[in-house]
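Student: Chain residues, written in single-letter form:
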Amino acid sequence: MGHVRPTDEQFFRTMIRLRHVEKALTELSAGGQLRGSLHLCEGQEACPAGACAALLKEDYVTATYRGHGYVLAKGTSLNQVIAEVLGRATGLCKGKGGKMHLFDQEFGVLGTNGIVGAGVGTACGAALASKLDGTGRVALTVFGDGANNQGHLMECWNMAVLYKLPVIFFCENNLYSEMTPLSRSHGNVNLSERARGFGLHTESVNGNDPHAVFEVVSKAADRGRSGQGPTFVEAMTYRTTGHYQADSGTAYRTKEEVEDWRSRSPILLLRQRIGAKADEIEAEELAVVQASVEKALADSVPAVSESTTEVFA
Amino acid sequence: MSKMSFVQACNAGLRQELERDSNVFLMGEDIAHYGGMFRVTEGLLETFGENRVIDTPISESGFMGMALGAALAGKRPVAELMFIDFGLVAMDQILNNIAKTHYMSGGRCPVPMTIITQGGGYRGAAAQHSQMLEALFLHLPGIKVVLPSTPADAKGLMAASIRDDNPVVFIGHKQLFGKQGEVPDGEHFIPLGTSSVVQEGSEVTILTYSFTVDLAMKAAEAFPGKVEIVDLRTLNPLDWATIESSVRKTHRVIVAHEAHGRCSVASDLGFQVQQRLFDELDAPVEIVAALDAPIPFAVELENEVLPTAARIEAKLREMLT
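Order-wise, the sequence lines are chains E and D. With my numbering as the guide, the letters of the first sequence map in order to residues 1 to 313. With my numbering as the guide, the letters of the second sequence map in order to residues 314 to 634.
Don't take every hint at face value.
Coverage of chain D stretches by chain E, computed from C-beta distances (three or more under 8 Å per stretch; other residues unrestricted) [unchecked claim]: (1) 552–563; (2) 612–619.
Computed list of lysine to any residue pairs in SDA-like fashion (alpha-carbon distance at most 25 Å, straight line) [what the hints assert, rightly or not]: (3) E:Lys164 / D:Gly420; (4) E:Lys164 / D:Asn364; (5) E:Lys164 / D:Phe584; (6) D:Lys492 / D:Asp478; (7) E:Lys164 / D:Gly348; (8) E:Lys164 / D:Ser335; (9) E:Lys164 / D:Lys562; (10) E:Lys164 / D:Lys487; (11) E:Lys277 / E:Val288; (12) E:Lys164 / D:Ile371; (13) E:Lys164 / D:Gly387; (14) E:Lys164 / D:Thr360; (15) D:Lys487 / D:Ser515; (16) E:Lys57 / D:Asp605; (17) E:Lys164 / D:Pro370; (18) E:Lys57 / D:Gly387; (19) E:Lys57 / D:Glu363; (20) E:Lys57 / D:Asn336; (21) E:Lys164 / D:Leu551; (22) E:Lys23 / E:Glu9; (23) D:Lys539 / D:Phe584; (24) E:Lys164 / D:Ala622; (25) E:Lys164 / D:Asp477; (26) E:Lys164 / D:Leu357; (27) E:Lys164 / D:Pro550; (28) E:Lys295 / D:Gly420; (29) E:Lys164 / D:Phe361; (30) E:Lys164 / D:Tyr347.
Far from chain E, by Cβ distances over 10 Å, these chain D residues were calculated [claimed, not checked]: (31) Leu331; (32) Gly348; (33) Arg352; (34) Asn364; (35) Ala465; (36) Gly574; (37) Leu604.
Because the hints were derived from the structure by calculation, they are not lab data. All residues carry an ideal CB built from backbone N, CA and C; glycine is no exception.
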């Protein structure tokens, strides 16, 4: 990882694994084996695949409750993520965090987050630490179009520009803030223009093309590392499922619109380019995911005595 | 020992920790070039430079989030909330993120950061600049809370707060900032979770902290030898052993603090004392706290809402007769 541009096949592998993770989690949720809400990123896989490939292992990432794709693409163990989502003692966070709260210092994952936009400050702080210590690490923070209306982000954008922080504000614009379209939630729907109002350098990119995402995040990371400050990346994409498992995603969107975006799925596009090899890669990744799920299901659950440990360090 | 004010002692504590650990840095509004609204950070920019003492915009949520991120990235940030009341706009960062990260991460991510702030009334600062909000931070697990009442404690507890590997909220008080006292020169460290029996007595225990310690001392003058005053100093962790031994000695308890009484430190401590030491008590636990109203502006009204030495004295008289 890190500035070596992946091939179509490599991107396809990352994305098809993520797709099968989500399929498995959906089945587990429907079957009652997975607790809590499940926010899928189906259709948006090119964003984590492209963005994380542009980062180094020691770079930082914070993401949303839809951010498991970034955690996996950053390098965190699939087994640990699946075990965490299933609430196992072997989980990444010992079953205390769950799907919305994934942390892995080893790969710079400083948290996915259940509060819209809340991880943005964390990333800016990590970027500040990098700047103070001269480590050259950059921080990528992922949020959706809806988070652009959170005051916390505007505070962070201003400080990132003020301090020239090596941070990448990566906005997945999937056109809907939960169930509400931009037109009914944003006074100005041009998110890049809004960001430029804070003095941010902005880039817009096709978020369904992992190569394009890789290029733009690589450039943004270079800007950060070379002291040129933050970049706001607006990645245009679309979630082809609902906001979470109980939302069909069609009450506020037409079936035609969803089908149109489904036909532009980054996985579909790469499959067409790769040809027969795609099926081979998919079979391999499916087997990896299935093995991981089976392992996690067999793993032990946390001891109840763990419930009040680790409140403090 | 040197005689100095509470503010100067806070400054000395910060200076001590900035010198000791290069990962410590300060951030907050008007703290660097201006030296801090209450002069707590005066002169630190000149000594330590702008990478260690950082002025922030008026963006509490943003810079609290940044302190969290910097802590996760290996630093030891000290973030100042100019007034504790301003912390309310940053509560998502403080309570949903800073307080919970270590637990949610299954112990993977300690958050060694300190929030320094000040609260308290009696100065006509009215409803949004006079509050004591420690109970808000105590309600959620994951944050330690420190409220020194003397200059020496301020320096020693500042050191302990910054060296702790957990989020700590260090709360000063406007009425204490000018208070003078002897402060140890050189290295000074008071472990969190140690209270201080500031006055011994035989008949009633006052559990208190922050500026209310001074009010309790004044109130107790009318009852020589009878009133034991425990300055709790840190509310999480709590020094239960000292509370227990004092209650076993006096068998009567008043919890006195400036914050509102409902759902408060006093209601919690009162419950704990009656539950754990019921057989020791000769009387119900009493509370002296702010009345259930926002802090008013006019002096007559503010002095009615906030606890006073006279009110503590009246309560003592009631219990002792």
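Student: Go through the numbered hints given earlier and state which of them the structure violates, listing their numbers in rising order.
Tutor: 1, 2, 3, 5, 6, 9, 10, 15, 16, 19, 21, 24, 25, 27 and 34
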